[in-house]
Amino acid sequence: MADATSQAPAEPSNEVMLKLESLHKRFGDVHVLRGVDLEVHRGKVVCVLGPSGSGKSTLLRCINLLEPPDEGRIFLEGEEITGSAPRELDIVRRRIGMVFQQFNLFPNKSAIENVSLAQQRVLGREGDEARKKSHGLLERVGLADKVDEYPERLSGGQQQRVAIARALAMDPHVMLFDEVTSALDPELIKEVLDAMRELAEEGMTMVVVTHEMGFAREVADHVMFMDEGVVVEEGPPAEVLEHCREERTRRFLGLVLER
Amino acid sequence: MDFILEYYFDLSLMADEFDRVLDGFWITVKLSVISGVLALVWGLVLAVLRQLPGKPLAPVRGLAIAYIDAFRGIPLLLVLFLVSGALSAFQAQDVIPREIGLPTFFGQTSPFWYGVLALTLTYGAYMAEVYRAGIEAVPGGQMEAARSLGMGHGKAMRFVVVPQAVRKVIPPLLNDFIALMKDTSLVSVLGAIEVVQAGRDVQSEFFNGSALVLGALFFLIVTIPLARIVDRLIARQQGRVERGGPAAPTAGGPAPAAG
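Top to bottom, those sequences are chains A and B. Note that our numbering has the first sequence beginning at 1, numbered continuously upward. Note that our numbering has the second sequence beginning at 1001, numbered continuously upward.
Hints are computed from structural coordinates only; laboratory data are not their basis.
These stretches of chain A come out as covered by chain B in the derived footprint (C-beta under 8 Å, 3 or more residues):
1. 84-94
2. 103-110
3. 161-172
Mimicking BS3-like on lysine-lysine, the simulated pairs with C-alpha atoms at most 25 Å apart in a straight line are:
4. K109(A) - K1155(B)
5. K1155(B) - K133(A)
6. K1030(B) - K1182(B)
7. K132(A) - K109(A)
8. K109(A) - K1168(B)
9. K132(A) - K1155(B)
Quick reminder that beta carbons are idealized off the backbone N, C-alpha and C, glycines included.
This is chain A alone, in the form it adopts within the complex (with noise of 0.2 Å):
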């Protein structure tokens, strides 16, 4: 398994990143996730849209095991992954990049640091080749003026920002984003947004909670659309965002998008 993590990604490009087979999850007596479905194919961006409560972020946190499924199978570049050992999670994390709502910045690190650590203590990267990499990352995502600074000092956005660095630091094949633009304040939208948007087009696969309308008819390949835990209605933006065909699909763009 270690050494997918070093291969080139150099198959065709409509090879499947990212399948899930039926997944469930259950917490107590609530049954978040009932048996979704889903490929996600290479340099593919998925966004996954739905009201709160219908289990977008649990399906996000199943697909790298943080919370793991109760029935059905995911599969990372062809191999399964449900069924582990934790040992074997450790290393398959690796490639599955997560950024969350609440940044979960290392409040006690700089910029730099939180970009750095993984890449030292995970990839056993030399201090100096890590911070490298982190200002090279940093740059990329517009804080090269900011890479000393530590997350209280930063504003939301910048912190979202630090976020998607030291994700993409660990060179991920993947990255999943877990409605990151719910805490920012509407001006600071944009500029994570923006982030993202490169991201995709540098053909990175990218799967997307979101709430943002505009983001997902533009740069999403495929468009999800989940209520009480199961897929409602899939299909290209166009089609699912413009003329969908399921009735709660309609109702909730409709209120989404009187906001």
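Based on the hints, put chain B in the right spot on chain A.
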């Protein structure tokens, strides 16, 4: 009235016996520092054992909890008697080597080392609870972010959670240290001539308590500045919170059923 003054504040007796009381206080300081450092380490070990994840490790967690409950719930004096009695009895029976049963490391007496052991055992349990509070005060999102970057539980604790937790609990740990320092006086029951015992020896020789008052002053010289340091650290921590703190809310933990 004069009698009372003379009983407590006989300055010439204090001067005559100053060295004797100071020698005792020196033992008190050594007992405090050695036991304090060992308890800090042992307490952290217990706290980390208590937080180990997963079902297979449940017995380890259970043992750690049982230990902490036991040693928090019995008097230090009792532990002192158990330790000193057992060790000297075991070595008399040749169950354990003499150097362990009647320890005299670094020129200190056996009662001194029995005291160090009992204080470490007891205060390790207290400090474990302090560390636990600190670990639990670190938002769950920190552990998740670390895990999502490929760190195992151990690395995530070591590089992300524990450093933040320790920072939060320095003031209560210092408070425990003050308590530990005062409790070193109990080691006198085993025959260690620490400051209280030195004062009592003078008291019974001269029917005068001034040496005990002198000993009390020695304590205060150390404990009052420590208490001020604790106050200042707490004020600084609160100041940081009031200034707005990090943009990420402290309740950054997951809300699994949401989204």
